[in-house]
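Q: Residue-level listing of the chains:
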Amino acid sequence: MELHELVQNVVNAISIGSIYALLALGLTLLFSIMDILFFAHGAMYMLGAYATYYFCTKFGWNYFVAIPLVILLIGTFGTLIEKGLFRPIRNDHVAIIFLGIALNWFLESAGFIVFGLRPKPVASAFPGKLQFLGSTISWERAVVVIIGMIAVFSLYFFLMRSRLGLGLRAFAEDPEAAELQGISNDHVCSLGFFIGCGLAALAGLLVAPIFIITPAMGSHAVLISLLVIGLGGLGSIPGALLSAFIIGSIESFGTAYLGANITWGLIFIFVVVFLTIRPTGILGVERE
Amino acid sequence: MTKAAACHNGLPSAYLQKLNRQKRAPYGFLGIFFLLSMVPFICRNDYYVHVMIAIFYTVIYTSTYRFILRTGQFHFGAHAFIGIGAYASVLLVTRAGWSFWAAMPAAGIIAAVCALIVGFPILRLKGIYFAIITWGLGDTLRFVYMRFKNPFGGALGIFSIPGPNPITIPGVGVIDFSQKSHYYILALALMMLTLYVLYRLERSRIGLVFGAIREGDQLARAIGINIMNYKVLAFAVCSGLAAMGGSFYAHYTYYISPQDFTVLLTIYLAIYTVVGGQDSYFGAIVGTVVLSLAGEIFAGYSHYQLIMYSTFMIVVLLFLPQGLVSFPRYIARLFVGNSANEVKGKGNESALT
Amino acid sequence: MSQLSLKGVSKYFGGLAAIQNLDFEVKEGEIRGLIGPNGAGKTTVFNVITGELSPNAGEILYAGRLLNGLKTHQVAKLGIVRTYQLVTLFSGYSALENILVGFHSESRFSLLDLILGGRRSRATDIAQLDKAMEILAFMGLSAFADAQAENLPHGLQRKLGVAIALAARAKVLLLDEPLTGMNPSEAQDMIETIRQIRKEYGTTIILVEHNLQAVMELCEKITVINFGQKIAEGEPGQIKRDEKVIEAYIGKNAHAT
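If you read the protein sequences in the order shown, they are chains A, B and C. For the record, in the first sequence the residue sitting at position 31 is 31 according to the numbering used here, with numbers rising by one throughout. For the record, in the second sequence the residue sitting at position 156 is 156 according to the numbering used here, with numbers rising by one throughout. For the record, in the third sequence the residue sitting at position 201 is 201 according to the numbering used here, with numbers rising by one throughout.
For the record, the hints were derived by calculation from the structure and aren't laboratory data. Among the hints, erroneous ones may be present.
What the hints assert, rightly or not - A few chain C residues facing chain B, derived, Cβ under 10 Å:
id, residue
1, T50
2, V75
3, Y84
4, F90
5, F103
6, A132
7, A165
8, A170
9, G181
Note that CB positions come from ideal geometry on N, CA and C, so glycine has one too.
Please model the entire structure based on the sequences and the hints provided.
A: Given below as structure tokens:
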């Protein structure tokens, strides 16, 4: 393997890993706050990508204007879904999973009808290339990494430093005690959905200029983010980050040298074997 | 031990009734089989017969899926085992030259053995991990089918699969599967067999243990029930039965491809199960029948079909958590008042913890 | 000689010792009381014996066999069955069905036979029904065979819990506060039942209970633990007079008041 190939693949791995990290973060955050798995997460990612397509390609807006708008739009959509559909059955975890599944496929099918079958291209916001250690890296990929990092760190500071974040963490730790402290159950759930869906939308935003977008991208993303948070340990944010980059690396290097199909088999086998040996994932803790 | 005789003079009448019902059940299943088997001879419209056949093999998938779900495992890989059944049976027939009648049960056994091998390590995993891995398993197999043209036919799949070999039934004549009605009888027989096995698994002594595990796994363990074994048993038997359904599907449609066994198949089964009512034995059947028939309206427009199905599922989850089977009770409650028919919400908490 | 013995068993939660270097031995057919103030580690002892928790140190021997590392269901299969502090039953089932679940391991069923539901399977059903009714009669529950477990009065639910353990062929029965929440007549009835179980089935019984009067009345020998350590062991008369025991109970009260 030559150096420039290696660099190319490492950059790929990091950019794929960043996308997966964003996807998995939202999912694992919702899990640790509300103990639910939100299967329609992938649909939010898909909608985020399509919103980017409409704003940037159709309306011709600047990419950086689209970023906050899309996050706000999809995040709000997420809270509406939480209020309208999830709140009535919040305590029935199995029903919630099924509800998420139904919603995901509803949105995906609606996506096919509204957006059409044909994949949509989004014009690159950063057309240039970058020379680095003898290999050529497109600016888009670099931007994915940069924005992804910014998002992860701001989420981290939000959770660790801000009052709201503290409330979220307190609620995740012990909902009843948090409620006694005056932290409203309803508000926390709304906020959780806003952040979770917003992160998914951000992943969609970043992916839109790199990959072609189709309504089916959401379901695939659900599987990936489930694998990521499963490997990382349910509810563990550092675990999710770590495993996102592990899976991103396997995918990047595997696809380059072995082909996409085998790589997927490998990723799956890796996760299965790992979870069989350590059923709580990399950084997960046994929960009752 | 005279105590026993003295006290049980007809006392546990409710339980004795249950035992009696179990004793009569085989005749009931046979009766339904004969009744339904007359349909294609009365209604000679091939389209309707085809819809019925599709419902029959889907009921096999859905009921077995429901049973695994009821053991507290969030199964997301039904398509994996149905696919194994279909591919195994087709390869045994086309490559190894087996008769369909040997290949179909063999496919079931192969899938059951796969479920056993996979089951022991992964059934230990809780709730959502199980979902992740079974889903991943299905997708991986799909990649394997696509990657290896030989023998799986690659992305295009396998064409011109032969139908079942002709058989002679004494007194009835030769059944050569030249007509839809022949397939109809075979599908019906397979479905009734599956439903009977599931009925026994649910209502017999072993069903009592399955129920007990659901009611309280801590107590179940404390009295020596090896929960793992029961879960693996259910997983293997149900996967095997579903695989036989998959084998039928392959030899009925003459064509299979990796696209037939995507996670979407499992999603459909989940929707049928939930809409029908996962707590009830009949839920899977009702859900499959109602939604399959409703789906015929949108036949060929799968996106509209999925929109309808998922809307159905959302509505049921929010307003009728016991599924369509509880609809009569729901209506009765509207008229009679709350006290008469208390609908119990139970058995939903097991899968995630 | 002894049927069940704990040798130097310790269990830590974090840095805290729930039980520490605990030795005790129980003879076959004995009724043993295990008492101590709240939080002394009594239930932890049960959890360690049944494999629900694994001890950090020490050995647990049952009829010469090491139990360490066995899973709960394996321990139960060997004949050590417990009940729980809070009533645990298969609450949606009838009393009879609760007992029948206890027989799960007895029908070494052939799966095929069971699935086809042939004559042999039906014969087993009837035989088990007879045996279950026998146990219900023994516990004085036969009138409630068809009653749903969760609808039974509290005292009977407790009895049913013990009956399930009997059905599961308990040779050693670990009862965790069987008298909790009972009125005096229910409690007296339960004490009588426990005696009867020992007499009829020869079952060894270990009892964790707060009702000291009942423990003194019922048990031949009592082990007292405090802060996870054994502080006294002996016949009820001895225990009543033991200074350490008095200190553990009274002393604590003196602090509290």
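Q: Give a verdict on every hint.
A: Now the hints, each set against the structure:
1. T50: Since chain B brings a Cβ to about 7 Å from T50 (chain C), closer than 10 Å, the hint holds.
2. V75: holds (8 Å)
3. Y84: holds (7 Å)
4. F90: holds (4 Å)
5. F103: holds (8 Å)
6. A132: holds (8 Å)
7. A165: A165 (chain C) check passes; min Cβ-Cβ to chain B is 7 Å, inside 10 Å.
8. A170: With Cβ-Cβ at 9 Å, under 10 Å, it holds.
9. G181: At 18 Å from the nearest chain B Cβ, G181 (chain C) fails the 10 Å test, so the hint is violated.
Checked against the numbered hints above, the structure breaks only hint 9 and satisfies the rest.
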